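Novice: In case you want the letters, here they are:
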Amino acid sequence: MARTIKLEVFRYRPEIDDKPTFKSYEVPFREDWVVLDALNHIKDTVDGTLSFRWSCRMGVCGSCGMMVNGFPRLTCAAFLRDYYPHPIRVEPLVNFPVERDLVINMSDFLRKLKSVKPWIIRKEETPVSEGEYLQTPAELARYKQFSMCINCMLCYAACPVYGREEDFIGPAALALAQRYNLDSRDQGGQERRAIAFSDEGIWECTFVGECTTVCPKNVDPAGAIQLGKVTAAIDYFKLLLPWGRKT
Amino acid sequence: MKPGLRRTMGSKWWLWRGAYFLIMLRELSSVFIAAYLVFLLVLLHKVREGPAAYDAYLDFLWSPTMIVFHIVALAFATMHTITWFNLTPKAVVVRRGEERLHPALIAGPNYIAWVTVTALILWIVLK
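Residue numbers (the working numbering), protein chains in the order written: chain A, 1 to 247; chain B, 1001 to 1127.
FYI, nobody ran anything at the bench for these hints, they're computed from the structure.
The model shown is predicted, which means the values in this text are computed figures rather than measured ones.
Careful, some of the hints might be misleading.
Said to hold, decoys possible - Pairs of lysine to aspartate or glutamate residues, derived as EDC-like cross-links and limited to a Cα-Cα distance of at most 20 Å, are as follows:
no., chain 1, residue 1, chain 2, residue 2
1, B, Lys1012, A, Glu165
2, A, Lys117, A, Glu200
3, A, Lys144, B, Glu1099
4, A, Lys23, A, Glu99
5, A, Lys23, A, Glu8
6, A, Lys43, A, Glu8
7, A, Lys229, A, Asp199
8, A, Lys117, A, Asp167
9, B, Lys1012, A, Glu166
10, A, Lys144, B, Glu1098
11, A, Lys229, A, Glu191
12, A, Lys43, A, Glu26
Isolated chain B (complex conformation):
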């Protein structure tokens, strides 16, 4: 136990400033991403059960509540992706002699790969 007057952060510390609020949003995002994965697994299960079960489940997924849920989950997944892509220059430091490779050159390829894979998936889905 530390001696002296102990000043604790209390339960509302995450409302003190924007950066703290964002970290809590990022923590909360895991709930939505986990839920999305559960719905995806159920979808795979319905495929196995047959066309009728699959169509019924698709109707459920097209309900307004589920559409809102997916938009929120997508927003959280995007937030997560940007956070971790921006982290990569901190975790991977490449040096040429005394010079450090610019962080954008480490984070950039992640974004390029993201856009490329997204475009490829969109092309497959929409063609």
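If we strip away everything but chain A, and leave its shape as in the complex, we get:
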């Protein structure tokens, strides 16, 4: 007899449901299936009303992040075999409002991401005719780890500070601010500072460290935030020096 595994899936359709419920589905168990495959099986063959986001199926797009048995995971990287024979509970990422079923509203994250200006800022753009902004491998290595972020928001679902403090800029946005601050081609550190080094920025972080634990791309947002704290502290002490206020 073919083996099956039970998925308990969070259901919430705002037009008919007053509150969320969990619905159980028995899906075929296959060694090479991930939770996302099981959700697609449900949507294709059992219940077409189930809503969830996904795109690449290979840990690159960052769309399919959900709570799997209470932990934020990319469902395209969460194998059924790691849970079998126990049931798997699938919920939308916590700390975000739920639009419908497993779909969260990510507006708050996108607004905060934009606020840290995650792009290269130049005081004066050089014309394209003068060529690229060159960078050595050593300069690339300084920020490369932080540039691997795929905006999957698992770190926000793992962060109790973000869960309790809505204003917190959050791990991924702060890691990306640090990514550009460390880029030798960038000159926008001062512009980002007002947001990233504010009370709602790095100083809100109490170093729980779960953002780094759950990150599927080894970005280490907790590390990025600590680096930011060191930079901000050095800047503060520089201000105390008689000649520091001029800068």
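Go by the hints and put chain B onto chain A.
Specialist: Okay, now just chain B, sitting in the frame of chain A:
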């Protein structure tokens, strides 16, 4: 206000998993460490008041309750120390070209200094 169904963490979020519980223990540790510092300040005050006051205070510190308190405070201080020593490689990134210095080489000297200073204090106290 974020639109949509808002799922809050509630008041028991710190019981969800071990890492959250540890962070709350670390926050709680500040109470014990602050209390320890208060007892230490009182001890200094008693030294100023004279031998009788100092001896009376020492008797109080040797009471079972205070011994248990100090053991708990020491455990919390140790937890705090390990947490922050392990954090140092995140806050201090040293590079040689493209290579990043191994985190253990940043955290390690902190532990060596800790053991050395502890041994020195023990030698002074116990000699």
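Novice: Each hint: holds or not?
Specialist: Results for each hint:
Of the pairs offered as hints, the one joining Lys1012(B) and Glu165(A) holds, with about 16 Å between alpha carbons and a cut-off of 20 Å not exceeded. For the hint linking Lys117(A) to Glu200(A), the alpha-carbon distance of about 16 Å falls within 20 Å, and the restraint holds. At most 20 Å may separate the alpha-carbon atoms for a hinted pair to count; Lys144(A) and Glu1099(B) meet this at roughly 12 Å. Between Lys23(A) and Glu99(A) the alpha-carbon distance is near 17 Å, which keeps this suggested pair within the 20 Å criterion.
Between Lys23(A) and Glu8(A) the alpha-carbon distance is near 5 Å, which keeps this suggested pair within the 20 Å criterion. The hinted pair formed by Lys43(A) and Glu8(A) meets the criterion: a straight-line CA distance of about 14 Å does not exceed 20 Å. Proposed proximity of Lys229(A) and Asp199(A) is supported: the alpha carbons are some 11 Å apart, at most 20 Å. Distance restraint check for Lys117(A) and Asp167(A): the Cα-Cα separation of roughly 17 Å lies within the 20 Å cut-off, and the hinted pair is therefore satisfied.
For the given pair, Lys1012(B) sits about 18 Å from Glu166(A) by alpha-carbon distance, which is consistent with the 20 Å threshold. A hinted pair counts as satisfied when its Cα atoms are at most 20 Å apart, and Lys144(A) with Glu1098(B) qualifies at roughly 10 Å. Our distance criterion of 20 Å between C-alpha atoms is met by Lys229(A) and Glu191(A), whose separation comes to about 16 Å. Of the pairs offered as hints, the one joining Lys43(A) and Glu26(A) holds, with about 12 Å between alpha carbons and a cut-off of 20 Å not exceeded.
The structure is consistent with each of the numbered hints, conforming to all of them.
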